[in-house]
Amino acid sequence: RLLAVGEACSPGQCRPSRVTARRSSKPQARNFTEPTSLRRKCVDGTTITDALHRGWRWGMKALVKTELGPGHLELRDDWPAPCARPGWVVAEVAACGICGTDLHIWHDQFKSWPPVVLGHEYVGRIVEVGPEVNGWAVGDRVVCEQHAMACGHCYSCRRGAVHICPEKRSQGIGIDGGFAERIALPAWLLHRVPDHVPDDVAVITEPLAICVTGAARAEVCPGEIALAVGVGLIRLLCSLVVRAAGLQGLL
Numbered sequence: 002r003l004l005a006v007g008e009a010c011s012p013g014q015c016r017p018s019r020v021t022a023r024r025s026s027k028p029q030a031r032n033f034t035e036p037t038s039l040r041r042k043c044v045d046g047t048t049i050t051d052a053l054h055r056g057w058r059w060g061m062k063a064l065v066k067t068e069l070g071p072g073h074l075e076l077r078d079d080w081p082a083p084c085a086r087p088g089w090v091v092a093e094v095a096a097c098g099i100c101g102t103d104l105h106i107w108h109d110q111f112k113s114w115p116p117v118v119l120g121h122e123y124v125g126r127i128v129e130v131g132p133e134v135n136g137w138a139v140g141d142r143v144v145c146e147q148h149a150m151a152c153g154h155c156y157s158c159r160r161g162a163v164h165i166c167p168e169k170r171s172q173g174i175g176i177d178g179g180f181a182e183r184i185a186l187p188a189w190l191l192h193r194v195p196d197h198v199p200d201d202v203a204v205i206t207e208p209l210a211i212c213v214t215g216a217a218r219a220e221v222c223p224g225e226i227a228l229a230v231g232v233g234l235i236r237l238l239c240s241l242v243v244r245a246a247g248l249q250g251l252l
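When you line the sequence shown up against the working numbering, it's residues 2 to 252, in that order.
These are computed hints drawn from the structure, not numbers from a lab. Using N, Cα and C, we set each Cβ at its ideal position, and we do this for glycine too. Be careful, since some hints might not be right.
Unchecked claim - Here are the computed distance ranges between Cβ atoms for each label pair:
1. T67 x A138: 32 to 38 Å
2. R126 x P223: 34 to 40 Å
3. V128 x R244: 33 to 39 Å
4. P167 x L228: 31 to 37 Å
5. D201 x V128: 19 to 25 Å
Please construct the entire structure, taking both the sequences and the accompanying hints into account.
Right under this line is the structure:
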């Protein structure tokens, strides 16, 4: 059974097309003793202990893939909460969708870098702004692209294909993601959520972006007829995108 962070969601309360994890009450402060299982190396080569000494706070609820292999998924209430380092912000997660990739990571069928907090389809509100961040303020509602840690110098990055940079570590896969109370995000990848867009709509921004990209690459033109295959959210979003593009018919 896949656990969701925050409030319990009974089958009658959740829409079958998408399940969201919503934030719970604020965590309580805790004294920190680093468990052996959490002596990981962060992206920049430091351990969690080092990160805490740099300002991270201990005691956040999070859904964590603790190690490689099938399973190893734990709902923790003692995960270190991030601080806003230079160029980054910290957002309080409002909602996070459960993607098929999350299930593949759970079953060890998709590459990941545990221990890591899962969740890459999220929307949140900025609660901390780090140094060297311009244009963003506490209270802004945001979503974020998934190209964190891309080097910017390799062949892929230089030709605009940052999504296949070998150094990239996406939120929820290589660095901590949105199945937590807070998430650290690179400011240069943020997008503002308009006030009239509710959280349960903004949370599907990431999968919707995939569908828009697919329609653009397929060079969909008004008057054409398209065939949409599948029963999941991506197929539904693709159908909406091609209809908006002016297709004559949709099968």
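Right, here's what the structure says about each hint:
1. T67 x A138: 32 to 38 Å: Holds: the Cβ-Cβ distance is about 35 Å, inside 32 to 38 Å.
2. R126 x P223: 34 to 40 Å: 38 Å Cβ-Cβ, so the 34 to 40 Å window holds.
3. V128 x R244: 33 to 39 Å: 37 Å, holds
4. P167 x L228: 31 to 37 Å: Holds: the Cβ-Cβ distance is about 35 Å, inside 31 to 37 Å.
5. D201 x V128: 19 to 25 Å: 20 Å, holds
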